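Required output: the full structure, derived from the provided sequences and hints.
The residues making up each chain are set out below.
4 protein chains.
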Amino acid sequence: MLNLLDPSILSIIQARPANCHKGNFGRVCCIGGNIHYGGAIIMTTQACIHAGAGLTTVITDHINRTAILSRIPEAMIIDWKNLIEVEKRCLEADVIIIGPGLDTDPHARTILESVISNQTEKQWLVIDGSALTILSEIQLRFNYPHQIVLTPHQMEWQRLSQILIEEQMPAKNLFVQQQLQTFVVLKSHQTEIYLPNGEIYQNPLGNPGMAIGGTGDTLAGIIGAFIAQFADKTQAILAAVYLHSLIADQIAKEQYVVLPTQLIQQIPYWMKQFSIKNTKK
Amino acid sequence: MLNLLDPSILSIIQARPANCHKGNFGRVCCIGGNIHYGGAIIMTTQACIHAGAGLTTVITDHINRTAILSRIPEAMIIDWKNLIEVEKRCLEADVIIIGPGLDTDPHARTILESVISNQTEKQWLVIDGSALTILSEIQLRFNYPHQIVLTPHQMEWQRLSQILIEEQMPAKNLFVQQQLQTFVVLKSHQTEIYLPNGEIYQNPLGNPGMAIGGTGDTLAGIIGAFIAQFADKTQAILAAVYLHSLIADQIAKEQYVVLPTQLIQQIPYWMKQFSIKNTKK
Amino acid sequence: MLNLLDPSILSIIQARPANCHKGNFGRVCCIGGNIHYGGAIIMTTQACIHAGAGLTTVITDHINRTAILSRIPEAMIIDWKNLIEVEKRCLEADVIIIGPGLDTDPHARTILESVISNQTEKQWLVIDGSALTILSEIQLRFNYPHQIVLTPHQMEWQRLSQILIEEQMPAKNLFVQQQLQTFVVLKSHQTEIYLPNGEIYQNPLGNPGMAIGGTGDTLAGIIGAFIAQFADKTQAILAAVYLHSLIADQIAKEQYVVLPTQLIQQIPYWMKQFSIKNTKK
Amino acid sequence: MLNLLDPSILSIIQARPANCHKGNFGRVCCIGGNIHYGGAIIMTTQACIHAGAGLTTVITDHINRTAILSRIPEAMIIDWKNLIEVEKRCLEADVIIIGPGLDTDPHARTILESVISNQTEKQWLVIDGSALTILSEIQLRFNYPHQIVLTPHQMEWQRLSQILIEEQMPAKNLFVQQQLQTFVVLKSHQTEIYLPNGEIYQNPLGNPGMAIGGTGDTLAGIIGAFIAQFADKTQAILAAVYLHSLIADQIAKEQYVVLPTQLIQQIPYWMKQFSIKNTKK
Chain A
1 MLNLLDPSIL SIIQARPANC HKGNFGRVCC IGGNIHYGGA IIMTTQACIH
51 AGAGLTTVIT DHINRTAILS RIPEAMIIDW KNLIEVEKRC LEADVIIIGP
101 GLDTDPHART ILESVISNQT EKQWLVIDGS ALTILSEIQL RFNYPHQIVL
151 TPHQMEWQRL SQILIEEQMP AKNLFVQQQL QTFVVLKSHQ TEIYLPNGEI
201 YQNPLGNPGM AIGGTGDTLA GIIGAFIAQF ADKTQAILAA VYLHSLIADQ
251 IAKEQYVVLP TQLIQQIPYW MKQFSIKNTK K
Chain B
1 MLNLLDPSIL SIIQARPANC HKGNFGRVCC IGGNIHYGGA IIMTTQACIH
51 AGAGLTTVIT DHINRTAILS RIPEAMIIDW KNLIEVEKRC LEADVIIIGP
101 GLDTDPHART ILESVISNQT EKQWLVIDGS ALTILSEIQL RFNYPHQIVL
151 TPHQMEWQRL SQILIEEQMP AKNLFVQQQL QTFVVLKSHQ TEIYLPNGEI
201 YQNPLGNPGM AIGGTGDTLA GIIGAFIAQF ADKTQAILAA VYLHSLIADQ
251 IAKEQYVVLP TQLIQQIPYW MKQFSIKNTK K
Chain C
1 MLNLLDPSIL SIIQARPANC HKGNFGRVCC IGGNIHYGGA IIMTTQACIH
51 AGAGLTTVIT DHINRTAILS RIPEAMIIDW KNLIEVEKRC LEADVIIIGP
101 GLDTDPHART ILESVISNQT EKQWLVIDGS ALTILSEIQL RFNYPHQIVL
151 TPHQMEWQRL SQILIEEQMP AKNLFVQQQL QTFVVLKSHQ TEIYLPNGEI
201 YQNPLGNPGM AIGGTGDTLA GIIGAFIAQF ADKTQAILAA VYLHSLIADQ
251 IAKEQYVVLP TQLIQQIPYW MKQFSIKNTK K
Chain D
1 MLNLLDPSIL SIIQARPANC HKGNFGRVCC IGGNIHYGGA IIMTTQACIH
51 AGAGLTTVIT DHINRTAILS RIPEAMIIDW KNLIEVEKRC LEADVIIIGP
101 GLDTDPHART ILESVISNQT EKQWLVIDGS ALTILSEIQL RFNYPHQIVL
151 TPHQMEWQRL SQILIEEQMP AKNLFVQQQL QTFVVLKSHQ TEIYLPNGEI
201 YQNPLGNPGM AIGGTGDTLA GIIGAFIAQF ADKTQAILAA VYLHSLIADQ
251 IAKEQYVVLP TQLIQQIPYW MKQFSIKNTK K
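If you read the protein sequences in the order shown, they are chains A, B, C and D. Going by the numbering used here, the letters in the first sequence line up with residues 1 to 281, in that order. Going by the numbering used here, the letters in the second sequence line up with residues 1 to 281, in that order. Going by the numbering used here, the letters in the third sequence line up with residues 1 to 281, in that order. Going by the numbering used here, the letters in the fourth sequence line up with residues 1 to 281, in that order.
Worth flagging that the hints you see were computed from the coordinates, not collected in a lab. Be careful, since some hints might not be right.
The list treats identical chains as interchangeable, and a pair is accepted whether it falls inside one copy or across any two copies.
Claimed, not checked - List time: in silico DSS-like cross-link candidates among lysine-lysine, alpha-carbon distance up to 30 Å:
1) Lys253 to Lys272
2) Lys22 to Lys253
3) Lys172 to Lys88
4) Lys22 to Lys172
5) Lys280 to Lys253
None of these values were measured; they are calculated from a predicted model.
This is the structure in C-alpha cells:
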C-alpha cells in the first residue's frame, strides 16, 4: 500500500528550454513570519528561490523586511498589513505558500481565510506550520483541494485529523485525508505523502541531524518552487520531499546537525546534478 | 546585419595602470529600490562595486539602508527623499544607473525626470527596470542620447517601442531605437544590443538558469561599472553584456539556477582571468 | 586533585537515534544582548544552534532583532520587555543561558531574578557574563544549584568569590564553589571546571588566538546546547569546554586570531567527526 | 633618504604568549560612520577585529547599529550621540581610530575635538578620512603627537599640509610633518610613512585593484589593531601598512578588484603565516 520513493522521482528535474524567461518558472508568494518567528519565512523564501521559482514575493510583518533583504535580495517584499496589496499579489501568484512563522492571531487568520477563499482554479496552495493550527480550529471550505498541499508534522496532524500521534497509521491517516481531498505531506522521520487519488508514498531518506527548527520551513519552500516550475504537480511534490532529504543526507555525512540555511545553499547544485543525469538518459 | 559577440569583446579588460586611485575608475550613482523592491538596487550596487567602479553611491528609499550596509559596506548611501543631496551627488557622478526597483510612483518620476534633464555632457545614464516603464508613459527629451543605455526586457521594450513581443525583429527594433538615438540592450534569451550608429550585436551566451528575478538588475550594475572605468564606451557596454552571460554560463555548469548574488561574487575573478589573457597578447 | 580532560570526554557525542524530532534535543532560551552588547547574545545563540539544540529562542532587547534574524533565521525571538512572554518561554525551556551582553541595569536584574527564582526541577541554567556580575552584588538563593553552571572568567570569579585573581588556586576556588553547590567553569588560558561533587577538571587545550571578545559567549552557547541534548549533564558540560578549545586549536593552525563567528561555523563538522569515531568503537 | 619596507618589518608578528587574555591585546574604539558613510566604520571595525585587537568598540551614529551587528557580532556598539558614554569608553581605550565616514558636521567636530583634547599619555590615536578634513580647517593642539598617526590620501594631505598633490615630494612633506610631530601615513600607489624622528619609509607593495572605496578604512583598522597589540609602535604602524598591501597583492593575483571586505577576511590567515615564519627563526 505504501509506495517507497526512489531516485527516479527526481527525473522531473530536466534541463530547462533555452528560450524561457523568469515568468516561465512561476510567481510564488510566501506568507508568514510574525514578530517572534520571522526566521521561518526567511528560510521558506530562500529555499523557494534556490529551488528555482521565477519570481518570489514575501508577504510578512514588515519588521522582518531588513533581515529578509540582508539575506535574500532576490526576494520582493509586501507588508502583510497592507491587505489590498496582499490580495493583489496573491491573485497574480501561481503558488502561495502560507504558514511558516504565521502564528495564530486574528490577523493571521484573516490572511489565511482570504488566501483559501480566493484560491483561483490555476493556483496552488502549500499550507504549513501555524496555518495548519488555525485550520484545525476553524471550518474552512477549499475551492480546489486537489491543488492544496498540507505539510503537517505529527503534532499538527494530530490537531488537524484528531488522530493521536501514536495512532497515526496509514489507513487512519488516509481516511481523514480522503475527506479533505488535499495532498498531505505528513512529516516525521519517515515522511508519508497522501495523494488525492488515495495513493500513499513514503520517503526512505532523511536523518536525525534534521531535527532542528527550520527544516520544515525549508521543505515548504522547495515544494512551492517545484510546483511553480514543473508541469506534473504530483511528481513535483514527491520530488521536493525526496530531494530535501537527499541533500540533508549528503550534508549529514560531514555535519552533526543539518542547518536549514546550509541545506538551502546546496539546492541549486543538487538540482543540477540530477538534471544532468536525467538529460543523459 | 547582426554581429555576433565573441570573447574578443572582452579585450577591453586590461591590467590597470600602476599609478591610479579610486577616482580613476569613476563615480557611479545607483538609483532605485522602493519599499517593495529594495533587493533590486542592492544587486545592482553590489554588481557595480564588484565590477570595478571606483566609488559607488546608492540613492534609495532609506528603508533599504541597513540591508545595503549589511551586504555592501563599500557603498555610500543617500536617502532619495533628500532631493538636494540627490541632485548634488548626481551632478558629481560619471555614470548614473536608474531604475532597478524604482517603481513608478510620483516620487520615482520626479527623480527620473531630474536625472534625465540634468544629464551633463560628460555623464552616462543606464536606464533600467521601472524607469523604462515610466519612460514609456511620459515624453522626455534626452540631452545626450548617445550617452544613454536603455536595458529593457521584452515586455518593457514592448511598452516603450509599441512593438509587440512576437514582432520584436531587428529591423523593427532598430527603427524605433534610431529615433531614440540611445543604446538599447534588449534582454531576452539572446540579448541584442542596438548602437546609436545603427549597428546591432547579438549575445550568443546565456542560459535558462538566469530566468530568475535579479538577473537584469545585476547586468545594469556591470554595464554602469564598465562605462565608468573603460574609455571605449561602446565596447564597455558590449563587454558587460557578454561577461554577465559568460559568468552565468560558468555557474550553470554546477548550479540549476544562477542566483544573481552568486554571479556577482564571481565578477572580480573572471575580470582578472581576462585581464591576464589580454595582457599576455 | 585536578583531573585533566582528554578526548575521551567527547564520547558523549554519539550518532542520534533515527526516530527523533526537534523536541528530543531540547528547548533552549538564550537571554542577553542589550543596546551595547547585542553581538554577545548573537554569538551565544548561533553557537547553541550549531551545537545541536533542537529549538532555540533568543530573549533580548528588541533592538537586536533584525541583526539576529539576518545571521540566524533558525532562531526564534522574544522581546525581553515583554515579561509575560519571557516567563512563558522560560517555563517551557529545558535550558536557559543567561548573561551574554545582559549588562547590569535594573531590567537585567529583574529578568535574572525571575529566571533564578523560577528554575524548575527539570531545568538547567547557564549563567554567564554580566549575569555573574549581578550575582556578585545581590544575594540570590538557587532552587537547584546542581543544575546551574556558572561560567566566570577570572575577573568575574574574583567579584563573585572574593578571591583575587592571583590567589585563585584550586583549593580556594573549590571552597567557595562548594558553598555555591553549582558547577563552576572558571575560564582562563587553562580553564578549570568545578563539579558539585567536589571533583575538579582542567582543560589542557586552548590557545592565545582565543583572546578576543566573544570567545566566552560562544562557549556558553555550546554548554547550553550540550546540556539540552545529552543525558549525562556533567559529561556534557566537560565535553562542551573541551570541544570549544579543540576547535579553536584547529583554527589556530591557520589563523592568528580565532574569530568566534568562525569557530561557530565549525561546530557541526567537529561534532560529526567525533560521533563517527565514537560510533565505530 | 627613503627606506624601502621589506618583509622583515613583519617580524613583529610573533606567536602570542600562552598565558594571556583579551585585555592583553588592547581596547580599541573605532569612531565614525554617519548616515551616508556607515560602511566606512564597518570596514575599519572589522579589519581591527580580524587584525587581532582584544576588545573593539564602535562609536557611531546609531543608525548603523544593526548593519554592524549583522556583520560583526564581535564588536560592541556605542551611540555617538551619548557623549557621556563616548567619553567614558574613550578614556578606557588604548587606541582610538577616528575618521572613517565621520563626515565634517558640528557633531563630528565635537567628538574629534574631545578625542584629541582628552588623549591620555598611554593612548594612541589613528586619525583618518573626514577627521583629517576637519583637522585641516581648525587649529588643534595635540597632547601627545608622537602617539598620533595621521593617514591621509593625497587630497587629504593637500588640505592638511597646503602642499599641492603634484608637489608632494618627500622633503616638502617631511617639513610639514615635522611641524606636526605626528606619524603620517601618506597613502598613494606607493604609500610613504613619515616618522616623528624624521625617518621616511616607502611601501613598495600594493596594486591598482585597491583603487576602490573602503581600502583606506580597512588600513586604518589594521594600524589601530597593530598598535594595540604590539609593543614597538613604530614597527606596528609600518607592518600594518606593509601587510595590508601584501594581502591585497595576493588577492589581486586572482581578482581584478580587491574588495576591502575580502581583504579583511584574509588578515588572520596571513598574520598566522608570518607568525609561524617568525617563530621558526
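Up to 30 Å CA-CA - Lys88 versus Lys172, copy category | Neither. Shortest intra-copy (39 Å) and inter-copy (35 Å) distances fail the 30 Å Cα cut-off.
Using 30 Å as the alpha carbon limit, work out where Lys22 and Lys253 are close: within a copy, between copies, both or neither.
-> Between copies only: 19 Å across, 34 Å inside.
30 Å Cα cut-off: does Lys253 pair with Lys272 within a copy, between copies, both or neither?
-> both (20 Å within a copy, 8 Å between copies)
30 Å Cα cut-off: does Lys280 pair with Lys253 within a copy, between copies, both or neither?
-> both (27 Å within a copy, 14 Å between copies)
Is the C-alpha distance from Lys22 to Lys172 at most 30 Å within one copy, between copies, in both cases, or in neither?
-> The answer is between: 25 Å across copies meets 30 Å, while 42 Å in one copy does not.
The earlier numbered hint that this structure contradicts is number 3, and it is the only one.
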